[in-house]
Every structure is written in structure tokens, then in C-alpha cells.
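Participant: Residues per chain, in single letters:
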Amino acid sequence: MPIHDVTYRHWSGEWTSHPYRWWVITRQGISLLIRKKRFVALMILSAIPFLVRTVILYLSVVVGQLGFLKIDAKFFEDFLTQQLFFAFVIAIYAGAGLIANDLKGNALQIYLSKPITRKDYVIGKLGVVAVFLSIPTLVPGLLLFVLAVAFHSNLDFLQQNYWVIGSIVMYSLAIILTYGLVVLALSALSKSSRFAGIVFAAFFFFSQIVYGILHQILRTTSVAWVSLTQNLIQVGDFFFAAPPHYASPTWVSGLIVAGLMAASAWLIHRRIRAVEVVQ
Amino acid sequence: MIIDLENVTVVFGKQKALVGISLQFAGGSMGLLGPNGAGKTTLLKTLLGFLSPTSGDGTVLGFNIRTQQLSIRQRVGYMPENDCHIPGMNAVTFVSYAGQLTGMKPKDSVQRAHEILYYVGLGEVRYRDLESYSTGMKQRIKLGQALVHDPELVFLDEPTNGLDPRGRLEMLALIQDISTRKGIHVILSSHLLPDVEWVCQDATVIHKGKRLTCGKIQDLKHAVGPVFECRIKGAAEAFRAELQTLGCECLDAEDGMLRVHLVDGLGSESILRVAREQGVQIRHLVPVKQSLEDVFLQVVGES
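Chains A and B, in that order, give the protein sequences.
For the record, in the first sequence the residue sitting at position 240 is 227 according to my numbering, with numbers rising by one throughout.
Positions in the second sequence are counted from 1; adding 313 to them yields my numbering.
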């Protein structure tokens, strides 16, 4: 008897509900990435600033050794700003291949022949980047705040700074969504993850270099809006109600960041199709 | 009705990929036949809801192709023509992932993936990286991912492409098993007529986006008039021309033979009579068993 006669059975199990179908894609993406040792090493490395800040927090609040250091909203904003570089590297590692590899392997028609929508697919892929970008930003940011509350002997700190929780969440989301959507859009543009990574890195550094040159020539920070990083820092200042780092208007930075997200989402929407129509 | 299409037209820019296709499929196995670029894959993608018809409407398993694509895909398996894989996965992970995307729970999908991989003959290599698979293995894995959620209907797009003769026979045996013994309806798109003839009960011929004919293969064969193969000596052109005036079709066959497709009502005596009138000697005249190829050539030729 051929082997297939004894192995094929009709299946009558339970289906999961559709609204969570995107999570299958996110979960699979996470499991593929955490098998890569270099990536895990990078994630561990990105936790070092958090550990350093935790020690500083402890010394300042509990031991009282660092009395000159004020633990306030700026402490948390500086931490997230410091994590921008790690977020950038992680975005490249985690996001550059997410769609490009599917395009390379013609896997989109496999995905979209299943009962999932293009939106599910994109949310699932964005979920992968978002999870890994939240590890150096949102998660340690909130954890630092919890530790700060715990290290203070009374609730004064919490009463004065409760609003910082929202600031941490909003600044982290701005970083996660901007980096996540831009790197996914670049990944959707090519079948090469290397291409997506290089273009994202070039965009990141080139905008910084252009800002640096303009800043040297014009002797003003009002041109900070040309840099992706500087725009995010400006947006962070807004969320933490801090004085802006740069002379460029905050609303311009907000508009650029929102515009980048919208343009990336549009590009992803255009590129994710089950059928390539050749006319 | 498993598939019911009414006057479906799909247009890409100025190009009509499907032109007023109407199709009814009651179940079993159906072959979509047509030369390359005929519109077979476009039709499958329209049935899956990847493409929305410019006009016309239809249902698959009772679900509308315009508005209920997700319900269709929940119940349908699709084996694409192109090589498809997700880098970094082995066969178990890939098939199980396909099951989860359809809505199976992780534990169920892994168990099911093992069963399906044995079924499609990849049991022994199921932990190997997909990128190291041969063409035959890749075809099997595509079939596996299409079957993992136990679909009611599978769309197989050129499933024997790139397979060696033995691999082709094994793949066709699997498809036949699916449709005849497992109760899964099969739509097989192929330009290889023997594949369709072997596996399917029904056939639909598509050419230049139009449906030329459809029905039970046996009926289609009978609908075509008798066919004879003959070898002649003498004024071949005049002989052919005279037969063509009677509505018959003459095609060159192998070894200098002439294949004559007669219209209904005519028999071998007509060929002999024409030969006598044209002064042509008949050296060989035998009736040919009808094949799907004859049907195909005739309807495509007529179009």
C-alpha cells in the first residue's frame, strides 16, 4: 500500500479567529530572528545603556552618591534618545529582509492565497520590527520609570512625574513606527535585504551629514529638519515637554516624521500584491 | 456548484486577460487547458480573489469572488506555478506555518505538517532547509502547503513543471489520489494535455482569454468527429484542399502521415472517394483513437 494511503486524514480541528491572524506572521518572524546568534548579541548589547542607567538611578536615588544628577523627565528622554542608534541598527537587522526575502522567494502569493489580507501581512511584518524595536526603547524606558518609582521611598516622584509614562510611550512609538515603516518600505522595494539595509543606512547617515554640513555653513540649528535623527529628537522634546534641542520648528519635524510614516505605508501598500501585472 | 462564473472579464490596462468567461464546475477534477498566455493562471487568480473582475461575477464553493475572498481562501488550497519558499525554513516549519496562516492552531498545524509531508513523499527530508530542495521536492512542498488545512478544493497551477518523467508520474498519481480517493475537488491548470487527460474528468479549454469549450473529457472527445491517419501518394495538395471543402481538417503528423479530422456524418469512405476523385493513392488508412489533444487542436484551430 502506498504510504499516502495511511497518512492523509481529513482534518476537523478548530480554527483560530481571523483578527489575530497577523500575529502568526509576527510570531514566525520573531522565531526566525532569535535563532540568529549575532542578532541576539546585538539585542543584549542594546540593553547595556539600560543597565548603566539603572546603576546611575540606584546610586542617585538610593545611595545618594550622585546628588548632582536630577532624576526627572529629561533623564528618561535622554535614555530614549541615546537608544536611537541601537534602534537604527536593530531596524536594519530585523526589518531589511522581512519583505525583501518574501519577494525573493515568491512567497507573497503563498501568504495571500491564505485567508489573510494585505493589511494582516503588513501588520504582521511591522509587528516583528516593532517587537524588536520596543526592546531597546519602550520596554526599558518603562522599566526605568518603574525602578525610579520603586527606588524613591515615597510617592512624591510618581505624583510629580506620572505623565512621563505617556511621554515614554509616545516617543518610543514615534521611533518604532518611523524606523519600522521606513525599513519595511525599503524592504518592499527590492528582492535584496542587503539593498534595503544599505539604503536605510545611507538615508540615516546621509541626512545626518547634510545637517552637519548645513549647520557648519549656516551656523544655525534651524536646518535640523533635514535629518531623520534630529527630527525624532525634536519630536521627543515635544512629548517630554522639554525645550527643543534645535531652532527648527517642532511642528515641521512632526510633519516630516508623520509624512515619512505615511509615505512608507503607501509604498508598502503599493508593493504588496499577490499578482504582478505585466502589461 | 463548486465554481460558477458568469461572463467574467478581467482587463489589465488595455489588455483583456479574460473575456466573458462563463464556467460551471460541479465537482471532481477539471483541467484548465490552454497554450502559454491563454489566461489559465489569471483565471485561477480571479477565482482566488487576487484579481477583481472588470465585469461579470461568480462564486467558488458558494462564496462570491468579489466580496468573500477570505472565505474562499479558507476552503481552497493553491499551488502556485512559480517556485515559492520562505528563506530560513525547513519543510515542517513551512507547511506548519502555512497551516497557521489558514487558521490552524500551532500544535495542530505541526502535527498536520508531518502527516502531509509523508503524504507528498517528503517525510524523510522534512527537516532539510527548503533552499536545498530539488525542483521535484519544491513542487511537492508546494502541494503540501496547499493541502495542510484539508481544503475542499485545490487549484494546481502547472504542478508537473520541471519534473523528470518519474517525478511527473508520481505527482500525477498524488493528484489523482487527492481527487478520487480523498474527496477533494481539483482544478488542474496545465498546457500538458496528457497530464489533464490522465487526472481529470472534465476539461475547459481557454485560448486568448476566451473559453472555447468545456465539459466531460469523454463527451468532448465524442463531440469531435472521427479522425483518421493516412499516407498518400500523389497530388497531396489537391487532396487536402478537397477534404477541406468538405469541412474536414488535415494536419501533418509524424512519419509523413496526414491526420484527417472528419466532420460528423463523414467516414473513411469519404476519404477514399476524395482520393479516387483526385487520383491519389491511399497507402495507409487507420482510424485514430481520439485524444484530448485532438479536441484541443480542433477547438483552438477553429478559434
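Just so you know, the hints here were simulated from the structure itself, not pulled from any lab data.
Positions of the beta carbon are idealized from the N, C-alpha and C atoms, including for glycine.
Please note that a few of the clues may not be correct.
[Unchecked claim] Each computed SDA-like pair below joins lysine to any residue, with the alpha-carbon atoms no more than 25 Å apart:
id	chain 1	residue 1	chain 2	residue 2
1	B	Lys418	A	Gly0
2	A	Lys91	B	Lys451
3	B	Lys420	A	Gly114
4	A	Lys23	B	Val405
5	B	Lys495	A	Trp(-2)
6	B	Lys418	A	Gly114
7	B	Lys451	A	Ala94
8	A	Lys178	B	Gly475
9	A	Lys178	B	Thr406
10	B	Lys418	A	Trp2
11	B	Lys420	A	Pro6
12	A	Lys91	B	Phe363
13	B	Lys420	A	His202
14	A	Lys178	B	Lys418
[Stated by the list, open to error] From the structure, some residues in chain A lie toward chain B, with a derived Cβ separation under 7 Å:
id	residue
15	Tyr(-5)
16	His(-3)
17	Trp2
18	Pro6
19	Tyr7
20	Thr13
21	Leu19
22	Ile21
23	Ala34
24	Asn88
25	Leu90
26	Asn93
27	Ala94
28	Ile103
Participant: Now look at each hint and say whether the structure bears it out.
Facilitator: Structure-based check of each hint:
1. B/Lys418 to A/Gly0: Given pair B/Lys418, A/Gly0 holds - Cα atoms ~9 Å apart, limit 25 Å.
2. A/Lys91 to B/Lys451: holds (15 Å)
3. B/Lys420 to A/Gly114: holds (22 Å)
4. A/Lys23 to B/Val405: Between A/Lys23 and B/Val405 the Cα gap is close to 19 Å, so the pair holds against 25 Å.
5. B/Lys495 to A/Trp(-2): Roughly 12 Å separates the two Cα atoms, so the pair holds.
6. B/Lys418 to A/Gly114: This hinted pair holds, its Cα atoms lying about 19 Å apart.
7. B/Lys451 to A/Ala94: holds (13 Å)
8. A/Lys178 to B/Gly475: holds (24 Å)
9. A/Lys178 to B/Thr406: holds (22 Å)
10. B/Lys418 to A/Trp2: Between B/Lys418 and A/Trp2 the Cα gap is close to 7 Å, so the pair holds against 25 Å.
11. B/Lys420 to A/Pro6: holds (19 Å)
12. A/Lys91 to B/Phe363: holds (19 Å)
13. B/Lys420 to A/His202: This hinted pair is violated, its Cα atoms lying about 57 Å apart.
14. A/Lys178 to B/Lys418: Since the Cα atoms of A/Lys178 and B/Lys418 sit roughly 30 Å apart, the hinted pair is violated (cutoff 25 Å).
15. Tyr(-5): holds (5 Å)
16. His(-3): holds (5 Å)
17. Trp2: holds (4 Å)
18. Pro6: With Cβ-Cβ at 11 Å, over 7 Å, it is violated.
19. Tyr7: violated (10 Å)
20. Thr13: violated (11 Å)
21. Leu19: holds (5 Å)
22. Ile21: violated (12 Å)
23. Ala34: violated (25 Å)
24. Asn88: Hint holds; A/Asn88 Cβ to chain B Cβ min 5 Å, cut 7 Å.
25. Leu90: violated (11 Å)
26. Asn93: holds (4 Å)
27. Ala94: holds (5 Å)
28. Ile103: Nearest chain B Cβ about 6 Å off; hint holds.
Consistency with the previously given hints fails for numbers 13, 14, 18, 19, 20, 22, 23 and 25, ordered from lowest to highest.
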